[in-house]
Amino acid sequence: MIHADYLYILIGMGIVTYVPRWLPLVFLSRLRLPEWFEQWLDLIPAAILSSLILPILITTGEPRQLDLLRPELIVAVPTFLFAIKTRSLAGTVVVGMFLFWLAGKFL
Amino acid sequence: MLSMNSEERTAPWPAAIKDGAIGAWPICLGYLAIGLAFGVIAQKAGLSPLEIGLMSLLVYAGSSQFIAVSMLSAGAGFVPIVITTFTVNLRHMLMSSSLVTYMRNLGTGPLSLFAYGVTDESFALNSAKFRSGNWDWRRALVLNHTTNLTWIASTVAGGFGGEFIPAGAFGIDYALSAMFICLLIFQLRGKVYVIVAVIAGLLAVGLSLLIPGNSYIVIASVLAAALGVIFKRSPRLSRTEERT
Numbered sequence: 001m002i003h004a005d006y007l008y009i010l011i012g013m014g015i016v017t018y019v020p021r022w023l024p025l026v027f028l029s030r031l032r033l034p035e036w037f038e039q040w041l042d043l044i045p046a047a048i049l050s051s052l053i054l055p056i057l058i059t060t061g062e063p064r065q066l067d068l069l070r071p072e073l074i075v076a077v078p079t080f081l082f083a084i085k086t087r088s089l090a091g092t093v094v095v096g097m098f099l100f101w102l103a104g105k106f107l
Numbered sequence: 108m109l110s111m112n113s114e115e116r117t118a119p120w121p122a123a124i125k126d127g128a129i130g131a132w133p134i135c136l137g138y139l140a141i142g143l144a145f146g147v148i149a150q151k152a153g154l155s156p157l158e159i160g161l162m163s164l165l166v167y168a169g170s171s172q173f174i175a176v177s178m179l180s181a182g183a184g185f186v187p188i189v190i191t192t193f194t195v196n197l198r199h200m201l202m203s204s205s206l207v208t209y210m211r212n213l214g215t216g217p218l219s220l221f222a223y224g225v226t227d228e229s230f231a232l233n234s235a236k237f238r239s240g241n242w243d244w245r246r247a248l249v250l251n252h253t254t255n256l257t258w259i260a261s262t263v264a265g266g267f268g269g270e271f272i273p274a275g276a277f278g279i280d281y282a283l284s285a286m287f288i289c290l291l292i293f294q295l296r297g298k299v300y301v302i303v304a305v306i307a308g309l310l311a312v313g314l315s316l317l318i319p320g321n322s323y324i325v326i327a328s329v330l331a332a333a334l335g336v337i338f339k340r341s342p343r344l345s346r347t348e349e350r351t
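Top to bottom, those sequences are chains A and B.
With the first letter of the first sequence counted as 1, position 100 gets the number 100 in the working numbering; the numbers rise by one all the way through.
Converting from the second sequence to the working numbering requires adding 107 to each position, the first position being numbered 1.
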């Protein structure tokens with residue numbers, strides 16, 4: 001059985017998660033955006049990807065601390081090089097997983 | 108309403124379903140591992156598989172679900188959990204904004220269906236695929252919902268207490284990191300993108316050490332992209348930059 005309290009929490013969580021995902025798509029897509037804003041949006045993916053991945057690779061713990069010896073970071077170096085060289089998403093994912101699995105065995 | 112123009116460039120549904128579902132595989136692999144782990148943790152916190160599946164369906168945002176479960180087991184109520192979820196997931200607003208470029212001339216219906224599936228991972232993968240061409244809103248929509256179904260199924264399976272994949276097996280925990288690494292490389296299409304990525308990464312690391320939570324993602328991205336625009340628009344700074 002689902003408790004009503006739990007259901008209310010889920011609905012609340014769902015709304016505050018969905019609305020920020022929905023608002024820009026529905027409203028910005030109708031507007032003519034100024035050129036500087038289009039340029040800014042064009043740079044957002046590079047900025048977000050970098051700010052997502054880098055802290056995962058070189059910080060750890062709660063509160064977070066720098067840790068430059070994490071297997072995540074050591075494996076990231078050859079994975080980066082492989083991605084630059086091959087530009088293959090499938091290859092990079094497989095190689096990254098394999099190297100991380102190896103690192104788990106030997107590091 | 109769909110304009111004729113965008114309809115012409117859009118794949119028919121059977122092709123879109125095939126391309127979208129196949130294209131989603133790196134995310135599905137990652138979600139399988141994280142989803143199972145989430146299900147196991149949620150089950151240990153006292154949630155039933157039905158309750159877990161309902162959360163994955165109604166919320167569909169991995170990190171906020173982990174946080175909500177730990178808050179629930181600590182006895183937190185509606186307001187703190189909902190406020191925390193809001194702040195943790197606000198970064199998706201930035202991602203939806205950035206996807207607008209590829210989602211013009213669509214009705215509210217398709218946009219609303221698409222919005223539900225905007226996650227860090229689907230945003231990153233769809234951005235790269237839109238950019239490379241041969242991608243459209245239908246394929247993107249199918250990709251989003253394929254990853255969503257994988258997430259729901261994996262979290263429910265984990266909720267039955269099954270650690271079906273032994274910890275660390277096949278390096279599956281690294282699937283999403285490797286995907287992000289490769290998609291970041293795809294985004295570096297010129298000097299200004301590299302500069303923005305370096306600034307964003309350094310800012311994100313610095314901020315992540317100073318402030319708890321994940322607001323560092325939004326702050327670092329907004330600032331770094333703004334600096335990138337200044338760089339691009341300043342003739343003196345970007346004289347060597349080729350027009351993109």
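In case anyone wonders, no lab produced these hints; they're calculated from the structure.
Please note: incorrect hints may appear among the correct ones.
[To be verified] Here are the simulated DSSO-like pairs of lysine-lysine, each with C-alpha atoms no more than 30 Å apart in a straight line:
{"#": "1", "chain 1": "B", "residue 1": "K125", "chain 2": "A", "residue 2": "K105"}
{"#": "2", "chain 1": "A", "residue 1": "K85", "chain 2": "B", "residue 2": "K151"}
{"#": "3", "chain 1": "A", "residue 1": "K85", "chain 2": "A", "residue 2": "K105"}
{"#": "4", "chain 1": "B", "residue 1": "K298", "chain 2": "A", "residue 2": "K105"}
[Said to hold, decoys possible] For the chain A half of the interface with chain B, some residues (derived, Cβ under 7 Å), not all of them:
{"#": "5", "residue": "P45"}
{"#": "6", "residue": "I48"}
{"#": "7", "residue": "P78"}
{"#": "8", "residue": "L81"}
Glycine included, every Cβ here is placed at the ideal spot set by N, Cα and C.
For each hint, the structure was consulted:
1. B/K125 with A/K105: violated (37 Å)
2. A/K85 with B/K151: Outside the cut-off at roughly 44 Å; violated.
3. A/K85 with A/K105: Cα-Cα ~26 Å, so holds.
4. B/K298 with A/K105: violated (38 Å)
5. P45: Hint on A/P45: holds, closest Cβ of chain B at ~4 Å, below 7 Å.
6. I48: holds (5 Å)
7. P78: With Cβ-Cβ at 10 Å, over 7 Å, it is violated.
8. L81: violated (10 Å)
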